[in-house]
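Asker: Residue strings, one per chain:
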Amino acid sequence: MELTVPLIMASMIDNVELGVEYVAKNAAFVVVIGIVGLGSALVCQYMGSKASQEIGTDLRNVVFEKINTYSNENLDRFGSSTLITRITTDINQVQTAVAMFIRLAVRAPFLIIGAAVMACFIDLRLSAVFILLIPLIALTLLIVTKKTIPLYGSIQAKLDRLTSRFSEQFSGVRVIRAFNTQDYEEARFEKTVEDFKDEAIKTAKISSALNPLTALFTGFSIAAVLYFGSFQIESGTLTAGDLIAFVGYLTQISLSLGIVANLIVLFTKAAASAKRIVEVLDAENIQNAIDSNVNAADKESLIQFSNVSFRYSGANEDTLSDISFNLGYGETLAILGNTGSGKSTLINLIPRFYESDSGVITFAGRDIREYDNRELREQIRVVPQTSLLFSGTVIDNLKFGDKNADEKAAVTALETACLEGISHDSPVSAGGKNFSGGQRQRLAIARAIIHTNTPPKLLIFDNSFSALDGATARRLRENLKKHLPDTAFIVITERINSIVDSDVILVLDDGRVIGSGKHEELLSNCEKYRDIYESQQ
Amino acid sequence: MKNFNYKPLLREITVKKSVIIFALLAALISVFTNISTPALIGQTIDDIGDNGSTLSSVILLAILVIISAISGYVLQRFAYKIAYETAASLRLKAEKKLNALSISKLDRTAKGDLINTVSVDTEILSDGIIQGVLQFITGILTVLGTIIIMLAINYRLALVVIIITPLSLLTAKLITGRSKREFAAQSALRAGITAHADEWIGGQRVVMAFNMENESISRFSALNEKLRKVGFKAQLFSALVNPTTRFVNGLVYAFTGLVGLLLILGVIPGGNGANAVTVGVLAAFLSYANQYTKPFNEISATYAELQNALSSAKRIFTLLNEPEEDNSETDEYIPMKDSFEVSHLDFSYNENKKILQDINFKLKNGENIAVVGPTGCGKTTLINLLERFYEPLSGEISSDGENIAKYSKPSLRENISMVLQDSFIFNDTILENIRYGTPEATEKQAAEAARIVGAHSFIKRLPDGYDTVISGNRELSAGQKQLLSLSRVMLANMIKPASLLILDEATSNIDTVTERKIKKAVKILTEGRTSIIIAHRLSTIKDSDMIIVIDGGKIVETGTHDSLINADGVYENMYKA
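Protein chains in written order, with this note's numbering: chain L, 489 to 1025; chain W, 375 to 951.
The hints are simulated quantities; they were obtained by calculation from the structure and are not laboratory data.
Just so you know, nobody snuck in bad clues.
Partner residues aside, some chain L positions facing chain W, computed with beta carbon under 8 Å: (1) L647; (2) Q657; (3) G660; (4) V661; (5) Q670; (6) E673; (7) N804; (8) E866; (9) P872.
Derived DEER-like restraints, expressed as beta-carbon distance ranges: (10) G909/L / S478/W: 21 to 27 Å; (11) N734/W / N804/L: 54 to 60 Å; (12) N1013/L / A596/W: 55 to 61 Å; (13) K896/L / N734/W: 40 to 46 Å; (14) E805/L / D919/W: 42 to 48 Å; (15) D802/W / D991/L: 39 to 45 Å; (16) R593/W / L530/L: 32 to 38 Å; (17) T652/W / M535/L: 42 to 48 Å; (18) K870/W / I694/L: 46 to 52 Å; (19) K870/W / S846/L: 48 to 54 Å; (20) D894/L / D802/W: 45 to 51 Å; (21) G933/W / S911/L: 32 to 38 Å; (22) D991/L / R593/W: 39 to 45 Å.
All C-beta atoms, glycine included, are put in the ideal place defined by N, C-alpha and C.
Let's have the full structure, built from the sequences with the hints guiding it.
Answerer: Below, the structure written as structure tokens:
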């Protein structure tokens, strides 16, 4: 629509002598075109806003859902700070690009093509300039985008680094203050900020050329058209009005190309971001079986490891090699071993947080890979080494263990975990920062044991009593035995005294089982165990 | 936009003066060339027929185009530079702010919220600055320039254009007035989304272990849905501005054309003589009218970006204006010679519940004190007060009779070495983690410290030894982390011995064989040095000069191991547990 305006103006100018009425009619026509243009633009904007918001929202949901299906392997590979930038700035980038695409990109190419066609109608010979103009501009676009796409990817990666440094400073603030290293941290952060900035400026140097270059090419075309057009006017094959209109269309093309150039910059950024989003969506996960019948039970053995080995991706050595053991229903297994001997890795294999490389792990007589992960984890509750709580209230956190948990179940769980003094509706700040280390640990235990229906079949404690004093720890152990009589326990601990009556004790060293059996057996046949035992007496 | 204070933002534009001058110069040249081009084109068309003049005009035109392209490039590059430099400086300020806020403030702040400010808001603001510099500077210059030229060409026509302009501004204002609230809400929701992602993706392992994925997703999508609604409104309102101003400007164009033609026709008088309106003049004039309205269109086209940028800028400045911790103490801490004394110390996080109540004890130079008690009794809070992460409610901690509150915090902390309950390991090499805080230490000294605390053997077995980078991909066990933080403190004390050593439950995650080594190491470390140990394994503190038993925030027993073991109190109960 807008395209016709210069043409009408040209005819008005050329036909000025036709009088006032003609001029007024045409002016009114221009206004009508404007109104129709406004109407369609408004519809377009509405659609554009709606579509880009929907796309952004959907993408965020899809990416967030995908991350929620990740195995620990994938979480390790990405790290949480890059996942966070991808779900925020990267998706914002794509969303903006979509909005701009609908708002401007649909318009600009039409304007360009339309203007070119109109120009051809005016004079075909002058239109020869397009033969030179179009390839030149296409080439410029191609070169600039090709150069900048990888740069934008690297800019986003640098933004990840910056974010993770900042996040680290927040989490490590006590250490930073205690060691007076604020200046050192500032210098480190400054480096990531400068890195990011330099990369961004470097990219801008290239992308900034796009707009002026296209303007340069169209400017030259206008000069050429004027030059050659002047001959045609002199020879009478072209009117002044036509030449003005032709130049008007070229100006139109130049302006639209400017918009396109800016859009191209935006799209290149968005393309780099889209690539990072796709990476998140493409990451492969552990296969999850659909069969969920956990009760197809072997009554003999709850957990059995047969020759299980595991290696972290990228590591040179196995973290666990050739592990075998057997744990019956309601029994207790204790795992001992030096720091770094593979204890935590071992228990992470049971709820399939990681997948073993070889060997078989069975739960209730069936390979754990045959279960639906969710069902499996419903039966196996873990109290991790770091007691991470979530912001909300105590009961919000306890509901992790059982969605249906009510006040009564909460009180029971809190009491069992020796947290009588804590109310179920006390507020919890992010990470549980408002509780002491020992309280956090016990809250994590309460979260694992809470149940309104059947209790979990297996509870795993990864050094979960470390911040408790001896008396509390003992009381807690007694409570657990009393309230969960049919539940089996796997306990990683350093304190032998607390596990002497375990049904099985595994002694790990450098990822291998170097002793297994009951306390007395190990005292007589495992030197390492004896060492540890004696060191604690 | 009127409730936004631009001054601080302008003050943040910290690039070199020369960059700004260059940018302005480039803008001026670029605007000049852009404005004079249509005049030249009009002139050229009018002059067709005069022999030879066409060629020279066309050459002049080509030169103008080249200058315009160069100045356009320079302007754009500097606009980016200004934006990125400003963003970088704001990020550094935000980080400085983080280091200047009190721990109690940070403990109450969601990390994701701050992260959002430093990464997302700053990014949005720098995009806004780019648009701002490009559109506003050139826009204002273009408007001024075209007004002058239009007045020069024909003041009647020019007045027509100038009088109608406020119309377009008014319509824009009418529409945008409503969207400000939506933009602010949008920024806040974005921060909320980042905070949720930070907390729940950060805790993904727990989420997974408890099958909480659906809960996490549904909370996320609820936030996301709110963002969609608010975002849609904000975007729509801002998107309406551009077509509307375009329409109004279209009217201006048509009206100008009409008036111009009427002038040519002589319907409106005054188009004679020197002021005569010719076809060429009208053509040029119309393209000026176009040029003149272009900035209005362009600014309104990027209205959403600008409005977003302002909302983000607001959030950044809210952070930067956050009151800082009072660090006005100037006295340098004088290393303790005689004793530390804690007297009548009370503390609470909120009024209704006291965490510590009337704590009193004295620690002579060279003595070792152990603080024990059931979990949650307030031991860690005591450390927070000794390190001055928090300030006591009443009572005082003094060193050689002087209240430590009068000393500068860095000088105090330099003299109080501490191993925290949660060992924090930085995303860096093992070596750098050990010599954290003492960068002057050599590699050999770092290894020596690690050897003393018994960390050397596990470090040696890592793929790159001391150069192994600790990152999310390579998680150390809690025990290994503690060994590292012990090495760190050990090294710091080898380089510069501290007045007071605090070990907070530091040995709780380490196997007992290793712990025996550590006990030895701690002995070396604490030998003749004043220390406070908070431990749960009572076996580790038997030799302490004094044991303080805290329960429910109060000291319930004091004495040596031998005196307490048969005192039939809390200590005996704990020991025999």
